[in-house]
Structures are given as C-alpha cells and as structure tokens.
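**Student:** Sequence:
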Amino acid sequence: MRGDHRNWWRPLAWGCAVGLGCWGVFVALYPFLWAAPAERAIALFQHRQDEMRQQQLGYPAAAVYDPSDRLGLVLDHALARQTWARGALGIPLDVLLAALGLVSLAAIARRDWRGARRVGPAAVLLMWLLTYLAGVAWGYSLNWPRYVMPLFLLAALLSGLGAESLLRWLGARYAWRDMFAPRGSDGDLERATVGTDRPAHVPNARPPSHRRRPRRGHPLPHHG
Numbered sequence: 001m002r003g004d005h006r007n008w009w010r011p012l013a014w015g016c017a018v019g020l021g022c023w024g025v026f027v028a029l030y031p032f033l034w035a036a037p038a039e040r041a042i043a044l045f046q047h048r049q050d051e052m053r054q055q056q057l058g059y060p061a062a063a064v065y066d067p068s069d070r071l072g073l074v075l076d077h078a079l080a081r082q083t084w085a086r087g088a089l090g091i092p093l094d095v096l097l098a099a100l101g102l103v104s105l106a107a108i109a110r111r112d113w114r115g116a117r118r119v120g121p122a123a124v125l126l127m128w129l130l131t132y133l134a135g136v137a138w139g140y141s142l143n144w145p146r147y148v149m150p151l152f153l154l155a156a157l158l159s160g161l162g163a164e165s166l167l168r169w170l171g172a173r174y175a176w177r178d179m180f181a182p183r184g185s186d187g188d189l190e191r192a193t194v195g196t197d198r199p200a201h202v203p204n205a206r207p208p209s210h211r212r213r214p215r216r217g218h219p220l221p222h223h224g
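Counting in the working numbering, the sequence shown runs from 1 upward without gaps.
Don't take every hint at face value.
Claimed, not checked - So the derived label-pair ranges between C-beta atoms look like this:
#1 ALA156 with GLY135: 12 to 22 Å
#2 THR131 with VAL25: 26 to 36 Å
#3 ALA62 with ALA107: 11 to 21 Å
#4 PRO31 with GLY115: 13 to 23 Å
#5 ARG40 with GLY15: 22 to 32 Å
#6 TRP113 with GLY58: 17 to 27 Å
#7 GLN46 with TYR174: 28 to 38 Å
#8 TRP113 with ALA43: 33 to 43 Å
#9 ASP76 with ALA38: 10 to 20 Å
#10 ALA38 with GLY171: 44 to 54 Å
#11 GLY115 with TYR30: 24 to 34 Å
#12 GLU39 with TRP128: 53 to 63 Å
Honestly, the hints are just simulated from the structure, not real lab data. Using N, Cα and C, we set each Cβ at its ideal position, and we do this for glycine too.
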C-alpha cells in the first residue's frame, strides 16, 4: 500500500497467488498432469529438451550449442534482423527505442520503490519481461526465427514506451503545446489587446441602442 513501508510485500504475495492460480488452472485443463502434477510437468520439460536435441542432430547448421550465444541471437532476431534495420534506412530504430523504454520502465520502478516503498506495476512488468526473455533464450537451441516470434510483442511494447518517453522529453523541452495551439485563441486575443486603448471584443455583447431615453417627467409619446 502507498505510504506504508511495512506492506511492501503485499504486491509480491498477490503476484505469487496469481501465479499459483494460473498453475492450478493449467493443471485442471491438462489431464496428463492430474496424477502427479509436479513430476509430470518436469517430464514435459525433459521431453522438450530431448526433442530439441534430436532436431539439433537433424539440422546441424541451425544448432546452437553454446548457451552464451543464445541471448545474442534472440535479441538480434527480435530487435534488429527482422525489424527496421532491414528496411530502406538501415537504422535499427527498434534497438534504440526498446533500450529507452527499458530504461524508462526501470526508472519508474525505482521511483515507486524509493517514494512509497512498494512494488508498482512498472516493476512487475519489468520482471515479467526479463523472465520471459530469459526463458526464450534458455530454450533457444535452434537458430530459427519462429522461436523468437513471441518476443516481437514485447519488443513492440518496449519500443512504444521508449517513443512515449522521447515525445514527452521533446514536448517538455521545446514546448510543443504552444506550437500546436490554434490561432485566434483567447490567449492570443488577450496578448494582442494588452497596452491598447481599445477594449477586447466581447462576442455576446449587445450593440448600444440609438433610441433617445426620455427625460424625467416627460412620458414617451403614444403612437396610436
């Protein structure tokens, strides 16, 4: 809760509870796991590793054996090779925007922690992104782009955050609001009439009447 440093653990506990709930739904919808959920889930991962080893033997040119090379290949596919860098400009805009979005997300998470001592939405999103990236990179045994496709959504999200941060910084630095303000606004009219003897025009004011007001004691003539 905001303002109470003793309850910083509550968002983490809530996240763990949500994770356990999702795991329970997954087990409930997968009859293979009903007999022994933990043991059979581990067996699923082992079967996937055996399958990837067989594919590495079948396609040795695409095999990636060194785990330290997998993260670089994943980031290259997700941010550079299949993105703006392959366009006419040849500039990896996705890398710059995604890096800026990652920095801004970390800054927001740090500000939430230092100000209110709480794990805010930015920190949860940051942990989810890093965990997802680590999982994809860990299982990237074949250099095939189809295994990187789920990361394009995360890269687009980080690029959007980076673009928003860049536009906010440019707007605060160059005052874009004044540049795009419509002409003839009330502020321009007020600035234009300052220092002159003419009063500002009031659009709803009635024009002065030209009829003569009657003198005191003389009634208006009656027209029959």
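**Student:** Next step is simple, just say for each hint if it's right about the structure.
**Tutor:** Outcome of the hint check:
no.	hint	result
1	ALA156 with GLY135: 12 to 22 Å	19 Å, holds
2	THR131 with VAL25: 26 to 36 Å	19 Å, violated
3	ALA62 with ALA107: 11 to 21 Å	38 Å, violated
4	PRO31 with GLY115: 13 to 23 Å	48 Å, violated
5	ARG40 with GLY15: 22 to 32 Å	25 Å, holds
6	TRP113 with GLY58: 17 to 27 Å	48 Å, violated
7	GLN46 with TYR174: 28 to 38 Å	57 Å, violated
8	TRP113 with ALA43: 33 to 43 Å	39 Å, holds
9	ASP76 with ALA38: 10 to 20 Å	36 Å, violated
10	ALA38 with GLY171: 44 to 54 Å	52 Å, holds
11	GLY115 with TYR30: 24 to 34 Å	42 Å, violated
12	GLU39 with TRP128: 53 to 63 Å	27 Å, violated
Hints 2, 3, 4, 6, 7, 9, 11 and 12 from the earlier list are contradicted by this structure; the remaining hints agree with it.
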